[in-house]
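Go ahead and model the full structure; you've got the sequences and the hints to work with.
In this text, residue positions in the sequence shown follow numbering that gives the first Met the number 0: the first is 0, and each later residue adds one.
Rather than coming from a laboratory, the hints here were simulated on the basis of the structure. There may be inaccurate statements among the hints.
[Unchecked claim] Listed below are the simulated DMTMM-like cross-link pairs for lysine to aspartate or glutamate, each with C-alpha atoms no more than 20 angstroms apart in a straight line:
| no. | residue 1 | residue 2 |
| --- | --- | --- |
| 1 | Lys64 | Glu54 |
| 2 | Lys81 | Glu54 |
| 3 | Lys81 | Glu4 |
| 4 | Lys64 | Glu49 |
No experiment lies behind these values; they were computed from the predicted model shown.
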Amino acid sequence: MTFTEKIQQPVFWMNTFKIALTFFIVLTIISLLFNSFSDLVSMNFAAVMENNFYEGKWISFFGIKIIFSLVYGMWMTARNMK
0 MTFTEKIQQP VFWMNTFKIA LTFFIVLTII SLLFNSFSDL VSMNFAAVME NNFYEGKWIS
60 FFGIKIIFSL VYGMWMTARN MK
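In structure tokens form, the structure reads like this:
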């Protein structure tokens, strides 16, 4: 089955979003740990918010992860669908 045939099936998109959501959550947690580990350990959530989300930083923080998660979800679903 070709990729265009696979994306026309509703089950493809359901599986894509399941994988993408799981990957997005894991990627966000790992990214927060790398960016603000010391602030998270010391429970300084104001600093975490300031470093990652204020002044439009949330757009780049989440935007890249959303796109990457969707691409990864589509790739994994297409690879595993027969």
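* Would you mind confirming whether the straight-line C-alpha gap from Lys64 to Glu54 stays at or under 20 angstroms? => holds, 18 angstroms
* Below or equal to 20 angstroms on CA atoms is what counts here, so check Lys81 against Glu4. => holds, 11 angstroms
* Asked: Given the proposed pairing of Lys81 with Glu54, does the C-alpha separation stay at or below 20 angstroms?
  -> violated, 45 angstroms
* Asked: Keeping to a limit of 20 angstroms between CA atoms, is the pair of Lys64 and Glu49 held or broken?
  -> holds, 19 angstroms
The structure fails hint 2 only (numbered hints given earlier).
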